[in-house]
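Order-wise, the sequence lines are chains A and B.
Those letters in the first sequence? Residues 89 to 225, per the numbering used here, in order.
Those letters in the second sequence? Residues 87 to 943, per the numbering used here, in order.
There may be inaccurate statements among the hints.
[To be verified] Below, simulated DSSO-like cross-link-like pairs (lysine-lysine); rule was C-alpha separation at most 27 Å, straight line:
| hint | chain 1 | residue 1 | chain 2 | residue 2 |
| --- | --- | --- | --- | --- |
| 1 | B | K538 | B | K311 |
| 2 | A | K90 | B | K177 |
| 3 | B | K177 | A | K192 |
| 4 | B | K311 | A | K105 |
| 5 | B | K289 | A | K105 |
| 6 | A | K105 | B | K291 |
| 7 | B | K177 | A | K105 |
| 8 | B | K115 | A | K197 |
| 9 | A | K105 | B | K286 |
| 10 | B | K197 | A | K90 |
Hints in this document: simulated from the structure, not taken from any laboratory.
These numbers come from a predicted model, not from an experiment.
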Amino acid sequence: MKDQDPRRTARRNARRKNRFGSNNFCLFCGYSCLESLTQVSRRWLAANGVAAELLNRLLEDHHAHGEAHDPDLLVTLCLNCHREITEGLLREGVSMYPETNVHKLVALKLRASAVLLESLASSYRDSATLLEESDES
Amino acid sequence: MSHDIYVRAHTIQLEQASRKRPAFIADQKCPDYALVFDCESLVTPDQTLTFGFWRFGQRRNGRYVPLEEGILHDDGLRANEINLLHEYARKYKAETAGDGCSRIRVYSRSKFVTEVLGFAIQAGAFIVCFNSGFDLSRIAVDWETAENGGWSLIFSKWRNPRTGEVKPNKYFPRIVVKALNSKTSIIHSTRAPMSERGRKTKKVKLWPSGRFLDVRSVLWGLRNKSYSLRTAAEEFKTQHRKLDHKPTGKVTIPEIRYAREDVACTVDLLNAVIHEFELHPIPIGPDRVFSPASVAKAYLEQLNIGYPSKKVAHAYVQYGIFMQSYYGGRAECRIRNWEVPVLLVDFMSQYPTVNELLNNWSVLTARRVTFPDATAEVRHFLSQITLERCFDPEVWAQFRFFALVEPDDDIFPVRTVYNGATQNIGVNYLTSRGPLWFAGPDIIASILLTGKVPRIRKAIRVVPEGTQTGLGSTNLRGMVAIDARKHSFFKHVIEQRAANESEPALHYWLKILANSGSYGLFVELNPNESDNAKVKVFAGEESFETTSDVIEQPGKWFAPHIGSLITAGGRLLLAMLERCIRDAGGIYLFCDTDSAAIVSTEHRRRIEMPDGAEPITALSRHEVEEIVQRFESLNPYNRDLIPGSILKIHKLNWDENKRPRQLYGYGIAAKRYALYTKTDNDIEIVEPKAHGLGYFYPPKDSAEGWKHETPEWIFEAWDWIISGVLGLKRKQPPWFVRPVMMKLTLSTPHHAFRNIAKGPLTRPNNFMMMPQISRFGYPQDVDPNKCTFITSFSSDRDQWMNSKCINIHDPQSRIYELANEYDGRKAVPKSFFMLLESYQNHPEARPLAKNDPLVLA
Chain A
89 MKDQDPRRTA RRNARRKNRF GSNNFCLFCG YSCLESLTQV SRRWLAANGV AAELLNRLLE
149 DHHAHGEAHD PDLLVTLCLN CHREITEGLL REGVSMYPET NVHKLVALKL RASAVLLESL
209 ASSYRDSATL LEESDES
Chain B
87 MSHDIYVRAH TIQLEQASRK RPAFIADQKC PDYALVFDCE SLVTPDQTLT FGFWRFGQRR
147 NGRYVPLEEG ILHDDGLRAN EINLLHEYAR KYKAETAGDG CSRIRVYSRS KFVTEVLGFA
207 IQAGAFIVCF NSGFDLSRIA VDWETAENGG WSLIFSKWRN PRTGEVKPNK YFPRIVVKAL
267 NSKTSIIHST RAPMSERGRK TKKVKLWPSG RFLDVRSVLW GLRNKSYSLR TAAEEFKTQH
327 RKLDHKPTGK VTIPEIRYAR EDVACTVDLL NAVIHEFELH PIPIGPDRVF SPASVAKAYL
387 EQLNIGYPSK KVAHAYVQYG IFMQSYYGGR AECRIRNWEV PVLLVDFMSQ YPTVNELLNN
447 WSVLTARRVT FPDATAEVRH FLSQITLERC FDPEVWAQFR FFALVEPDDD IFPVRTVYNG
507 ATQNIGVNYL TSRGPLWFAG PDIIASILLT GKVPRIRKAI RVVPEGTQTG LGSTNLRGMV
567 AIDARKHSFF KHVIEQRAAN ESEPALHYWL KILANSGSYG LFVELNPNES DNAKVKVFAG
627 EESFETTSDV IEQPGKWFAP HIGSLITAGG RLLLAMLERC IRDAGGIYLF CDTDSAAIVS
687 TEHRRRIEMP DGAEPITALS RHEVEEIVQR FESLNPYNRD LIPGSILKIH KLNWDENKRP
747 RQLYGYGIAA KRYALYTKTD NDIEIVEPKA HGLGYFYPPK DSAEGWKHET PEWIFEAWDW
807 IISGVLGLKR KQPPWFVRPV MMKLTLSTPH HAFRNIAKGP LTRPNNFMMM PQISRFGYPQ
867 DVDPNKCTFI TSFSSDRDQW MNSKCINIHD PQSRIYELAN EYDGRKAVPK SFFMLLESYQ
927 NHPEARPLAK NDPLVLA
């Protein structure tokens, strides 16, 4: 994934490290990418109405072009993937604030789509490999 | 003659205000990110920023890989120059990793400060430059004197819309640069608030501390060599090198390419330096390396050795005694302005050897160190001292004492004003009405040289009690195992150096470690400016309270009971050598800390002296070798690794084919001498001393491939002096007519510069020149006692005479020009010819004559 603004990435990383510590990881799956982690507790999840059996497969709506630019274009992602793709949008320079200049808005949507498509490409490749491997076995 | 003498003292600050120390991020030796930048400046005196390049990189597989590249330019740069930078940025792709940003960004200085420098500080990144003080000062908009006496650089200002007043932005950190010496600075950023206090929470978020890494400083710490970017890139064989381009101060395509390559080269060097640094398993990051001693101290910490100050209880009075006894190395010239044949000898690793002989490692690793009274015992011990006993290494551990002496025609180191102008230290006959404290080895040296025991009023011993717990082990440079429980650091480092001659890098570094870890850290005192601070002074056993504008802050390893004994031990070795030479009927030309040039020829012979003086005897080479052999008994090292004597015949006494050659020496004064070889009508300078000359800017560059550390012009200067003395044909070098210039870096806000602190010449860390004015060459409208001219820096020697100068003592100074002939209005600088004329007539102000002893008032 290209990073168009590594300084901001570095700053976010530093802030997240400051918040989570440098060696933190997801309690459920061991996921440890600091950029993508969201800090919640089981108690917090339970208090927010998440059933115990759903704790390991939380899903969220992702605004593919950013909510400010297209509130209706939604895809469903797990919590981590949602955070990861949002990080991708930020690295690509897709602002989360409304854009009034049409040229800039179209450019932002194209960039946001590129990020989504890159993620899909990666995901499809993994799925294809999985299928091929299951056929072989 | 009667003199006032000066002794050192120990001071402690009373009513010390608690000072906020900047917090350093300690979780990683090297952070994940680094910002590397380099600035180009105008070539006018102000050296204002024109533009620069920066690269922001991430650490991957131990290397910083650039992810973003950009240009910064001065806020006030001309539009056409900014356009050229944009054009360049559009035309070329950024040199970044595949996943990095491929555009070259172009930011103004102010945008660079907030969006690059500010972000890098927040990201905890290394802020990297080669000579950081200069580059950080280019992007500062203002500066003040920092609390610690360094520069406090201001990067952002704001205008109050109501009053129109422009003030420093208190929400952006300042960067404080405190120069330690010409090679290194301590740099930190202030922890300014990031915004105003929250209305509800009242919490203030502070800026994190920046981590500043000056590649030049780290190189100095690791290699003990002062590199330029060019020489460092050559030494480390970096992929990018400094381009052959002379900066013009303009924004042109060649200048842009040059600046870009400089940053690329700095990134390569950063990676190379960190790679070398990581060989050392020490508990500090490379940004905390300011000198070779930083590395040595980190190793002592890694060995878990407790700080010496924690092992002595309330020893202020004793520290006053040790500091009163403290003097540096002995240097003197015995035969002035007369050529003599010599043989140069020197003590191998003198200070580590003295440490080992005095068993200082047991003091450093003791559980506790005490200083009990030992007057009777020391008196008895001194009455038994002979030269022979001093060659017994077992006796040396008993030299670890200090005594209050009533000097009466004894020979001791004395700090006084010998020449009527400046303080200096000499080893002299001394008689004093009041008693003085001296270190044990100095008292023994006096006995060896005078043959009588000084009157001892009181004495204390340095006694280590037990061994501290928790001593650890480590690997020096990752290769040499050392265990503080089994090995003496001082001895082990020297032995392992000898054992690892086949590893040149390790062999060289162990020498640096031995020198940096054996002495200086024990007498480290950092002067900090203060405003009339109350201090208590301990001198000898006396103490008094006073005020001072400078506070000497002891370093963590400050241990004057060790430091004072080390230099005294070195002087004792020289005194033993002096006695041996004297007993053999000889004399030496000079001695200098750990070396001496003994008057010697192949066969013993008489040498006539000028002006009817008594002839002297040149010892035969064999007789000198016998003296050298006497010091073998003091070899404290493993003889399989380091056989023979600790006194060595210097390699300069052999030619390139390893055949003995006769050296000649000519001395003007202490530390002002040269050694050379002779043919019938010519001489060849072998070892010239740069003392008294080396601080001037070289009037010529040394030739390509010059192998000596001392620059070529010093060789030529000595060749000219000695050829003249010997009546040989000599040719005046072309640089003799050039004005004598000193290069000056405005690294500290010196009082004299405050007059013009915001003037055009005085941006912090600017380079400038200080022309040396001849005695009668001052313009009529200045007072020579209040006149120091400065001018802009130029390495173009042909332009030096066209310099425009100002007088730093005069806030309204006019511009002064330089001229060869005096007209009352222009200044006449000293030429190198004039400099050498006065140099060779320099007086030796330190007498050592029985009929001319120092008698203290």
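Consistency of the hints with the structure:
1. B:K538 with B:K311: Between K538 (chain B) and K311 (chain B) the Cα gap is close to 45 Å, so the pair fails against 27 Å, i.e. violated.
2. A:K90 with B:K177: Holds: K90 (chain A) and K177 (chain B) sit about 21 Å apart, inside 27 Å.
3. B:K177 with A:K192: holds (23 Å)
4. B:K311 with A:K105: With Cα atoms ~37 Å apart, K311 (chain B) and K105 (chain A) exceed 27 Å; violated.
5. B:K289 with A:K105: The given pair, whose Cα atoms are some 20 Å apart, holds under the 27 Å limit.
6. A:K105 with B:K291: Holds, because 16 Å separates the two Cα atoms, which is no more than 27 Å.
7. B:K177 with A:K105: Answer violated: K177 (chain B) to K105 (chain A) is near 37 Å, above 27 Å.
8. B:K115 with A:K197: violated (41 Å)
9. A:K105 with B:K286: OK: K105 (chain A) and K286 (chain B) at ~26 Å, within 27 Å.
10. B:K197 with A:K90: Since the Cα atoms of K197 (chain B) and K90 (chain A) sit roughly 23 Å apart, the hinted pair holds (cutoff 27 Å).
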